[in-house]
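Once you've looked at the hints, dock chain E against the given chain Y.
Number of protein chains: 2
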Amino acid sequence: MKQEIRRGKLYGIGVGPGDPELVTIKALRCMKESDILILPSEPREDCHAYRIVRQIYPEIEQKKTISIPFPMIKEKEKLEEAHEKIFHRIRALLAEGNTLAFLTIGDPTVYSTYGYIHRKVTAEGGMAEIISGVPSFCAVAAALGISLGDGGEEIHVIPASYDVAETLNWRGTKIYMKSGKHLAELKWLLSSVDAEVYAVSNCGMENQKIYRDAVSIDADSSYFTVVVVKEKE
Amino acid sequence: MKQEIRRGKLYGIGVGPGDPELVTIKALRCMKESDILILPSEPREDCHAYRIVRQIYPEIEQKKTISIPFPMIKEKEKLEEAHEKIFHRIRALLAEGNTLAFLTIGDPTVYSTYGYIHRKVTAEGGMAEIISGVPSFCAVAAALGISLGDGGEEIHVIPASYDVAETLNWRGTKIYMKSGKHLAELKWLLSSVDAEVYAVSNCGMENQKIYRDAVSIDADSSYFTVVVVKEKE
Numbered sequence: 001m002k003q004e005i006r007r008g009k010l011y012g013i014g015v016g017p018g019d020p021e022l023v024t025i026k027a028l029r030c031m032k033e034s035d036i037l038i039l040p041s042e043p044r045e046d047c048h049a050y051r052i053v054r055q056i057y058p059e060i061e062q063k064k065t066i067s068i069p070f071p072m073i074k075e076k077e078k079l080e081e082a083h084e085k086i087f088h089r090i091r092a093l094l095a096e097g098n099t100l101a102f103l104t105i106g107d108p109t110v111y112s113t114y115g116y117i118h119r120k121v122t123a124e125g126g127m128a129e130i131i132s133g134v135p136s137f138c139a140v141a142a143a144l145g146i147s148l149g150d151g152g153e154e155i156h157v158i159p160a161s162y163d164v165a166e167t168l169n170w171r172g173t174k175i176y177m178k179s180g181k182h183l184a185e186l187k188w189l190l191s192s193v194d195a196e197v198y199a200v201s202n203c204g205m206e207n208q209k210i211y212r213d214a215v216s217i218d219a220d221s222s223y224f225t226v227v228v229v230k231e232k233e
Numbered sequence: 001m002k003q004e005i006r007r008g009k010l011y012g013i014g015v016g017p018g019d020p021e022l023v024t025i026k027a028l029r030c031m032k033e034s035d036i037l038i039l040p041s042e043p044r045e046d047c048h049a050y051r052i053v054r055q056i057y058p059e060i061e062q063k064k065t066i067s068i069p070f071p072m073i074k075e076k077e078k079l080e081e082a083h084e085k086i087f088h089r090i091r092a093l094l095a096e097g098n099t100l101a102f103l104t105i106g107d108p109t110v111y112s113t114y115g116y117i118h119r120k121v122t123a124e125g126g127m128a129e130i131i132s133g134v135p136s137f138c139a140v141a142a143a144l145g146i147s148l149g150d151g152g153e154e155i156h157v158i159p160a161s162y163d164v165a166e167t168l169n170w171r172g173t174k175i176y177m178k179s180g181k182h183l184a185e186l187k188w189l190l191s192s193v194d195a196e197v198y199a200v201s202n203c204g205m206e207n208q209k210i211y212r213d214a215v216s217i218d219a220d221s222s223y224f225t226v227v228v229v230k231e232k233e
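Order-wise, the sequence lines are chains Y and E. According to the working numbering, the first sequence is numbered sequentially starting from 1. According to the working numbering, the second sequence is numbered sequentially starting from 1.
Some hints here could point you the wrong way.
Stated by the list, open to error - For lysine-lysine, the following DSBU-like pairs were computed, each having C-alpha atoms within a straight-line distance of at most 30 Å:
id	chain 1	residue 1	chain 2	residue 2
1	Y	178	E	178
2	Y	120	E	209
3	Y	120	Y	76
4	Y	9	E	209
5	Y	232	E	178
Derived from the structure by calculation, the hints contain no laboratory data.
Looking at chain Y on its own, in the form it has when it is part of the complex (with noise of 0.2 Å):
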């Protein structure tokens, strides 16, 4: 079975944000070689990543895809449990020689599930090569006409679906991430900070919408909301 996982290949391809355009060049020669696509989410037309890379690169609609859905879910054994289910289906895949671009929004390596799956591969001896993308964050601060990080100052990258209480009095600037049903409490939070607030919902889409302080964020906007706190100048 090692050698025969050596027979394929797995790009993993960060899609960047939202906006087509964000696509790097290397991202698309990489889905043109490849034989499968592999998504999260089923059916395809609802997975965010295809639905970006079809915008700039329409021929995508003709590539065989395989759907294998990531469980949202926390506790430790189970995610276990489902990675490695997933993870024999792309070896099998691998074994019969395919190319296969996992594809993920944003850049792979920032909260991405493909980390596991690489991680697995290459384990085992597999081929596996990460293709950068834009994270959102970076996107989110091009909105906004931002900096994210000037001089010495320091940038956080925070899950806001974990504890976030203790991390508003860190100096630099915080980006909140993920933060999902926790979006509310987050928005509570940061209405009593001194600092400059802002948040992005759904970057570079259709019906992206910008606020410019805590109290205007609409707390069920989306999963894709990103905020970000700078101290006062």
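Then chain E, alone, in the frame of chain Y:
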């Protein structure tokens, strides 16, 4: 003057971390649409951003270029004075009706001098747009085959030319950028830390070097060395 500045348009373009294929489709389009390239180095052959782009877009050699070297200083007053001078030069070019492409390595919102110019141009009502790029730390993680953050892990981006001692115990992943002459000190500090230490010099370029522990890092390697510190699993 406030109306004149609106005759032109300024693009702040991130050309990514070094691999010419990591340039986005949007960056390429905006460069093609621009009348003049603004580069932070002189001569243009010494400019990293220019050298990255030329490999994927050779026609850039026919573009008119204006080199405006940014001073690498920390004193706030001198820095503001230098930025003011650069802004006046760019304002004059915009008032002539030019579309300008200001090139930066990585992403324009992550420790880029472009941010200052963007704020000054928009404050006077000028048209300026940030075109996001892949930040160097994403490409560094890709080259290493590691995740920067999974699940609830925080990611801290830290300018290493400032005091870093207190950052060593932060939980999550730490990314030390712009270490420059301080790389030797950082290496020494990290050699006694119980963590996974990685570094990549000149990521995506011909002379790329990968390090998988603190001791082996070449402290004289380069300004373009990014150090990543992850908690042990």
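Hints violated by the structure (numbers, ascending): The structure breaks none of the hints.
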